[in-house]
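Participant: Join these two chains into a complex; the hints should help.
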Amino acid sequence: MSDSQPIRSSRFRAEREADWRALEALVERVESGGAGRLDFEESRALAALYRKATTSLSVARDISLDKSLLIYLETLVARAFLAVYAPQESLSGVMGRFFGGSASAAVRRSGWAILMAFAALFLGGWVAALLFAQDPAWFYTFVPTGLAGERGPGASTETLRAGLFDTEGNLLAQLGAFAAFLFSHNTRVALFSFALGVFACVPSLLLTLYNGLILGAFWALYADRGLGMELFGWLSIHGVTELSALALAAAGGFRLGLAVLFPGGLSRKDSLRASSKDAVKLALVAALMLFVAGLLEGFARQLITDTTLRIVMGWGIGLLWLGWFMLAGRRAR
Amino acid sequence: MARLQTPAEMARKLENARRWFELVPPEGVPIRFEVAGIAARFGAQLLDILITVVVMVSVILLLAVLPFTIEPLVTSLAAILMLVIRAPYYILTELFWNGQTVGKRATGLRVLGADGRGLTTHAVVARNLMKEVEIFMPGTMLIVSGSLGTVWNLILLVWIAIVLIIPLTNSKRQRLGDLIANTYVTCRPKAVLLPDLSTSTPRIEFDFAPAQLEHYGSFELQTLESLLRSRSETRRSDLRRRDSLVQVAAQIRYKIGFEEPVPDGRAHEFLHAFYTAQRAFLEQKRMFGDVRDDKHHRDGD
Chain Y
75 MSDSQPIRSS RFRAEREADW RALEALVERV ESGGAGRLDF EESRALAALY RKATTSLSVA
135 RDISLDKSLL IYLETLVARA FLAVYAPQES LSGVMGRFFG GSASAAVRRS GWAILMAFAA
195 LFLGGWVAAL LFAQDPAWFY TFVPTGLAGE RGPGASTETL RAGLFDTEGN LLAQLGAFAA
255 FLFSHNTRVA LFSFALGVFA CVPSLLLTLY NGLILGAFWA LYADRGLGME LFGWLSIHGV
315 TELSALALAA AGGFRLGLAV LFPGGLSRKD SLRASSKDAV KLALVAALML FVAGLLEGFA
375 RQLITDTTLR IVMGWGIGLL WLGWFMLAGR RAR
Chain L
18 MARLQTPAEM ARKLENARRW FELVPPEGVP IRFEVAGIAA RFGAQLLDIL ITVVVMVSVI
78 LLLAVLPFTI EPLVTSLAAI LMLVIRAPYY ILTELFWNGQ TVGKRATGLR VLGADGRGLT
138 THAVVARNLM KEVEIFMPGT MLIVSGSLGT VWNLILLVWI AIVLIIPLTN SKRQRLGDLI
198 ANTYVTCRPK AVLLPDLSTS TPRIEFDFAP AQLEHYGSFE LQTLESLLRS RSETRRSDLR
258 RRDSLVQVAA QIRYKIGFEE PVPDGRAHEF LHAFYTAQRA FLEQKRMFGD VRDDKHHRDG
318 D
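These protein sequence lines are chains Y and L, in that order.
The first sequence begins at 75 in our numbering and counts up one residue at a time.
The second sequence begins at 18 in our numbering and counts up one residue at a time.
Hint data in this document are derived by calculation from the structure and do not stem from the laboratory.
Note that the structure is a prediction, hence the values are computed from the model and not measured.
Be aware that a few hints might be false.
Computed list of lysine-lysine pairs in PhoX-like fashion (alpha-carbon distance at most 25 Å, straight line) [what the hints assert, rightly or not]:
#1 Lys207(L) / Lys141(Y)
#2 Lys343(Y) / Lys189(L)
#3 Lys312(L) / Lys302(L)
#4 Lys272(L) / Lys302(L)
#5 Lys207(L) / Lys351(Y)
#6 Lys207(L) / Lys126(Y)
#7 Lys302(L) / Lys351(Y)
#8 Lys351(Y) / Lys189(L)
#9 Lys141(Y) / Lys30(L)
#10 Lys141(Y) / Lys126(Y)
#11 Lys30(L) / Lys189(L)
#12 Lys312(L) / Lys272(L)
#13 Lys126(Y) / Lys30(L)
#14 Lys30(L) / Lys312(L)
#15 Lys302(L) / Lys189(L)
#16 Lys189(L) / Lys207(L)
Chain L on its own, in the form it takes in the complex (with noise of 0.2 Å):
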């Protein structure tokens, strides 16, 4: 059977694909964050976008109800009411709101100070300014494109393409008014406390010897964590559980020599059991400096 990847290299494709930042506050643990995708960042500006320019049009409608011609006026009235409206919505919010717009919220996403002691009020200011200039200008022109000059359209081009490179070159993904305000842009972490494998099954019935246990690293433990956690919901995913539960079984059975039947039925307690055992093996290497991150003895990377 030809496989094109083994789970192991899966999981650390996985792994590897995710960037991180960590800050270091002032209790001097260094905290880690995942850095913000490109498209959430990219709809969290729309959404926002979105809500300014509601606001704006709701604006220019009611001036329009009441007794005045704005017709003449109505780009530039707009132009104008974009700006007053926009400039303090994204600093007014970000300020009050711990770093997230309206669309940042909804995408769940943040604004970080980088240097670890939180957003200040020149960081936000900052930041906000920059995006006019890096976004919101070019977008109104690119509006008027068509009556702009070649000259002009070149110019207007580079600086698009400038501002969109620029987040890409980065590995923390920061535009322009992130580098100077010293800001990143991170996703709100999330996660539940999961019951401790180790202890939720109290009755353990293998038995492994401590040369059994020299064979695996912490990556192949925490492998088997993420399988014995996995749950399945449906009947045919249930049933393909079981088989790699049996089959990963058997693999280590093998691998450790391990000499006692293990009935398919029980594969997964012998799993739970082997996880404890391994876990209390490798923790304890670990704390004798002996760090294991997988089987290949690797000092990690």
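So that you can see chain Y by itself, here it is in the shape it has in the complex (with noise of 0.2 Å):
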């Protein structure tokens, strides 16, 4: 033991600290105003200082036993880890990925699964109309009342043909209209049917299939009375987006589902990390889609009262949301 002699964790650490004490000062400022304020020089020292800090690290822990230079290392790695591995992500970036073919992909990934919804959905309706047919007393077993409203076996032809053309009511009633919808069943359905699909499909299953139960009693109500092209350009209009997006929610929520139910070679939780990739971005389409349905809803059923014209409008929207998911990204893959 001499004066002269520093131990070695010592001497370690009198060769290093600068370097240490450079890398504090630059993950400082990414810590108050972002990497952006790093030139192009500051950010090479950065990554490369970085590099060399976890290395000291690394061997601080076999050799030395000073428990202050542990922490401060141990911080200083973290700090600067966080700033070197920050997403790098831009608003338009985001946007332009989602949009320009990550979303449309998931949606093309998960065509069995849509394909399930939307078969759910039909047997549901077909089940209500056959049994409807029988008895127009099941209208009432499917169709919540709140739902229902006036229109029922029990209403006149002519409230019922009322109800699909009521153009009263100003711009306010209309976003009235729109805000009530956003948050009334359909929502609701969608949200839960995404959400409770990790439980091994069934819930979302058995709301779809109620949704198309429901939609099928209208149906069979509106037909029995003559009014089925009406109803159906009604429907149409915003229906062609909002049943579209009650599928693709309800797809999301059968991917998590099916990846829970079959995981193949991977963990449960890695099968569930790894579709939820996919039913995110289900999700977040049918929120949009949710959100246009609104609109439809809330304005162009008011403002369009002719048939053939809802008929047109609610498809060829349709179609355009078609085109999305079919084209976009195509090319890049």
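Facilitator: And the structure:
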């Protein structure tokens, strides 16, 4: 033990302390104002110093017993890691990727799940129509009273027709209708059928089926009164978008549920995480579509009362969605 | 004198009370982060909700100033505005501020990708979409729970219970969204580089034989380091500190059989010298694979 020769870990520290201090100064600047504050040379220095500091930490863990030094290095490397591996995203980049390909690719990959959702929807509708044909009282079993309003087997044909071509109300009332819609039945169904898909698809399947039942009951009622075409138009203008949104949300749920049911070579947790990448995108697309459907239902349906025009517009928009899903980002692959 | 706990026991307990997790970045050196406490996360969440509610209320007030009668729509309008403001707020702040919302900034929290490769857009979106399902949907239902039926109230109760229990059941305090997005929430690490104790006093006038350094392990060494680094603000605590220095010096001298007398005034110097010698000795041993975690030669836990 001599005064002239400091112990090994002290020499280790003395040799590297300047680098650590330089790194700390750079990290502090990134923390206060983002990596954009650094110029080219400084960013390069940040990366190089960070790598040096990780090596220092690795060595210090083995050779040094100086607790304060170890704590300092641990936190310095942690902070530098956060500065170096920060997400380098821009809003336009994120949006561009989502609309330009990643969302549509997720939809294309989920083809079977989407087909499953549509099948459940149609199956529900078919069953409800069959049952309604036997006994109209089934209508009350399927359709919640809040949703049915004054529409029902007991209502006159004229009331039903008026419901389809209601143009009264000002802009504010339309806004109200839009607002009420967004939080109405369908949004809730979409949210639940997505979120509950994790439980092996069963809740999503039941919800989609149930939604089909409601739709089928309405359909049977109106068809019974000879208003089938008019209902088709009324439903088309927003329904094409809205029901597709429901199907996509349910398909997102199915992807999660299928990942849990059939994880393949992965663990269930990993499989769930892998499929959540597509499922989240499906949910976002469904949310966007529900928003558009809300606009269509609140405004367009009140403004356009011609059945043919309603059908053309509804399916035209549906075609646009389909075009986006099928075409966007294909060339990049 | 009956003491409840020795300082060493207390130090060990304190260390164990904090939770840590490790990330392995591409550089291959595991980095240690502290798991954020439930209270801090709750506080951050509260602050974020407050911010979004204030923005929502100001938008509604702005609409009220304009010549519209929005009274019949206020509740549904508020619900929509909350959704439209809230989801982008969380996603964009966490994405552009490297895992920090305003609330997390204030409480010193941060979101981290668990794979050690930084946060991805997907992770941020996934954990915040789950937040809608996990926190805000039951939250808004709770507000209107009076008008819901018994069945829905029961479902709500179970849902809230599950959401609250999940973070408590895993060691990294991940909520459902964290589990799906594979993220952790950590406290912002912060530490200053203190001077090296072994070089800060140039003159060492005590000599120790190797046999005298065989008694202690790194835990005792680091406890001694903490004692030597401790600062006292008031006169009373300064007296107490001196007192404990003298006591510790006496105990060490007794244990290692240090014959040379040490006056009370030089207890600090003695401990300093002993710290330096002991550290050099233990580090030397460590280089040759003889790791001594504490005086019982435990292999660490």
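Participant: Determine for every hint whether it applies to the structure shown.
Facilitator: To see whether the hints hold, each was checked on the structure:
Our distance criterion of 25 Å between C-alpha atoms is met by lysine 207(L) and lysine 141(Y), whose separation comes to about 15 Å. At roughly 16 Å between alpha-carbon atoms, lysine 343(Y) and lysine 189(L) fall within 25 Å of each other, so this suggested pair holds. A threshold of 25 Å between alpha carbons decides the hint, and for lysine 312(L) with lysine 302(L) the separation of about 14 Å falls inside it, so the pair holds. At roughly 20 Å between alpha-carbon atoms, lysine 272(L) and lysine 302(L) fall within 25 Å of each other, so this suggested pair holds.
Proximity of lysine 207(L) to lysine 351(Y) is assessed by CA-CA distance (about 34 Å); at most 25 Å being required, the pair is judged violated. This hinted pair checks out: lysine 207(L) and lysine 126(Y) have alpha carbons roughly 19 Å apart, not beyond 25 Å. Among the hinted pairs, lysine 302(L) with lysine 351(Y) is inconsistent with the structure: their alpha-carbon atoms are about 50 Å apart, more than 25 Å. Restraint check for lysine 351(Y) and lysine 189(L): satisfied, since their Cα atoms lie roughly 22 Å apart, inside the 25 Å limit.
Of the supplied pair hints, the one linking lysine 141(Y) and lysine 30(L) holds, its CA atoms being roughly 17 Å apart against a limit of 25 Å. For the given pair, lysine 141(Y) sits about 20 Å from lysine 126(Y) by alpha-carbon distance, which is consistent with the 25 Å threshold. Restraint check for lysine 30(L) and lysine 189(L): satisfied, since their Cα atoms lie roughly 19 Å apart, inside the 25 Å limit. Taking the CA atoms of lysine 312(L) and lysine 272(L), the gap is about 11 Å. The hint holds against a cut of 25 Å.
A C-alpha spacing of about 33 Å is found between lysine 126(Y) and lysine 30(L), which places the hinted pair above 25 Å, so the restraint is violated. Restraint check for lysine 30(L) and lysine 312(L): satisfied, since their Cα atoms lie roughly 17 Å apart, inside the 25 Å limit. The suggested pairing of lysine 302(L) with lysine 189(L) is violated, with an alpha-carbon distance near 35 Å, which exceeds 25 Å. Distance check on the hinted pair: lysine 189(L) and lysine 207(L) sit about 20 Å apart at the alpha-carbon level, within 25 Å; holds.
In summary, the numbered hints that this structure violates are 5, 7, 13 and 15.
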